[in-house]
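Number of protein chains: 2
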Amino acid sequence: MHTLDYLQTLAVETIDKQQYIKQPLSLYEPVDYAMRQGGKRIRPLLVLLAVDMFGCELQKAQPAAVAIETLHNFTLLHDDIMDASPLRRGKPTVYKQYSTNAAILSGDTMFAMAMAKLLESEADVTSDLAKVLSQASIDVCEGQTLDMDFERQDSVTIEQYIEMVRLKTSVLLGASLKMGAIIAKANAQDIKLLEYFGENIGIAFQIQDDILDCWSDLEAFGKVTGKDIADNKKTFLYLKALEVADLKQQKQLLDLFSAKFADQNEKIRQVIAIYESLNIREIAEKVAKNYTQQAMISLEKVSVEAEAKENLTTFATRLLGRKS
Amino acid sequence: MHTLDYLQTLAVETIDKQQYIKQPLSLYEPVDYAMRQGGKRIRPLLVLLAVDMFGCELQKAQPAAVAIETLHNFTLLHDDIMDASPLRRGKPTVYKQYSTNAAILSGDTMFAMAMAKLLESEADVTSDLAKVLSQASIDVCEGQTLDMDFERQDSVTIEQYIEMVRLKTSVLLGASLKMGAIIAKANAQDIKLLEYFGENIGIAFQIQDDILDCWSDLEAFGKVTGKDIADNKKTFLYLKALEVADLKQQKQLLDLFSAKFADQNEKIRQVIAIYESLNIREIAEKVAKNYTQQAMISLEKVSVEAEAKENLTTFATRLLGRKS
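These protein sequence lines are chains A and B, in that order.
Note that the first sequence ends on residue 332 in the numbering used here; no numbers are left out.
Note that the second sequence ends on residue 332 in the numbering used here; no numbers are left out.
With the rest of the complex left out, here is chain A:
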């Protein structure tokens, strides 16, 4: 067992020490650029946390840790093209920095690199790990599809929204823990429980993220308060507000979210005012807390000593306790 801080440092180092630059440069420079954007390397950390929890050697997790981070960044490269996002972590996105073609092709390569790296794992687990990674990739694509579909849909239910979040974001967190547990030769029940923990934490995290977009103490990570509202994004807050609002407020919200509205700051102010009058923040926090509790119940059932679970509990608390 290692400390959470040690594992966090190891997760970052594991990714940072990888070499990406080689010929042809026009393919691998964007890969390097994408992989050097920093970040907490949450997914590699989750792989390490699961492996460590079962007392398995951390070295065995190295290929999976690199693979899941590479896969995650591949999805970001392509999502940024599809969402026409100019910035990520305050820097130009890959398609803006290089070109759309470069972002498509370097993304594809990262997907293949992720799989190739994963296959460097120990022989008796590679096939199971590869199955997790390919299924997770399919899920992420389905989640991104639903997210884009929602933009054009008139009505989206909270249930549909949660399923989109599960596929687009949470599945990779669940897969990270699942891979770690597979590497550590955990039993099928424990593997499933950790996967479920990861997925539920992921959903809680996304709802939290929706909340922070409106009520953030800090404008960190290049994030601007109310960006989701400005983008007419159908977040948990918006969908829940539509659900609980009376007809008059519903109409107000729909009008505010129509593309015609010109003054963005005024629009953001009015939407947040409606959210506040409907207690949407409290409702959302309660739902997020519920997913966190679901996650914790799964974690409790994992067949290792309570002590071995402390890192994951602390990780989840830190992740969900952030103020920005």
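A few of these clues could be false.
Just so you know, same-sequence chains aren't split out, so a pair can sit in one copy or run between any two.
Calculated cross-link-like contacts (lysine-lysine; reagent style DSSO-like; alpha-carbon spacing at most 30 Å) [unchecked claim]:
#1 LYS193 - LYS139
#2 LYS68 - LYS139
#3 LYS256 - LYS104
#4 LYS297 - LYS68
#5 LYS30 - LYS235
Honestly, the hints are just simulated from the structure, not real lab data.
Computed from a predicted model, the values in this text were never measured in an experiment.
Fit chain B to the known structure of chain A by using the hints.
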């Protein structure tokens, strides 16, 4: 051992009987559209040919056959975006029929589906097969990068061109045979020889393709004679012509390939006239024949009876003997 015609039919059926349509439709309809474009299913056929050659059950090749065709079609989806190609097999390409976003995301999903399908192979070979598929995917991306780089480069050597073709096209043919041989538990030497056969046949095929663009008896597959010339594509013919031309003809060619030239038909006519004065067709046919012979020498060395090699020999002869 089965007849080539039987295996060809089986290759087509194996792909055609797959079901692709499911939710979300906006993700899987483009997948279905892409996979239903028909074609000879050369890569699945190569998997079957290799498996059959070693007397292995054809059923075992099914996941790999589907996987390699899905992967191949994924690369076409993304290549068509990057090359801005409006048509494939006379029908709108996926990004034209749906949208660029749909083509990116459905392509990504097909890559993941290819890997997921491959992992349904028998347990003792899945890991080796997955390594072949992921390395081949990286190679194809590198090949596509070189192809796009060449468009902007002033000078490209024949050697660089052949390496681009090997990566972009031939590697997947080699990988198809390699996977078939792995499934059939062939020895390491035979696996290598078949891979080499596939790669060399692939290079011969591409040079043949370059030749057919200028001197095609039929305008089949929606192909128009001289399209490469119209697109200023640096084909084997163009690069070889530049190599053997005198200074005057070099300048003529460079002028003709500059974007300024207005009358496309006149341009095509003049370029082909230069090629013919330099015997480029004969030179290219000789080089293609040389790669074919290299392939045949590898095939001869494979440790099965001569009879078992006949299908592959016939396949290569048919592939390279086509007139359009």
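Against the structure, the hints:
1. LYS193 - LYS139: For LYS193 and LYS139, the Cα distance is within 30 Å both inside one copy (16 Å) and across copies (22 Å).
2. LYS68 - LYS139: both (18 Å within a copy, 18 Å between copies)
3. LYS256 - LYS104: Neither: 41 Å inside a copy, 42 Å across copies.
4. LYS297 - LYS68: Neither: 33 Å inside a copy, 48 Å across copies.
5. LYS30 - LYS235: neither (37 Å within a copy, 33 Å between copies)
When each numbered hint is compared with the structure, violations occur for hints 3, 4 and 5.
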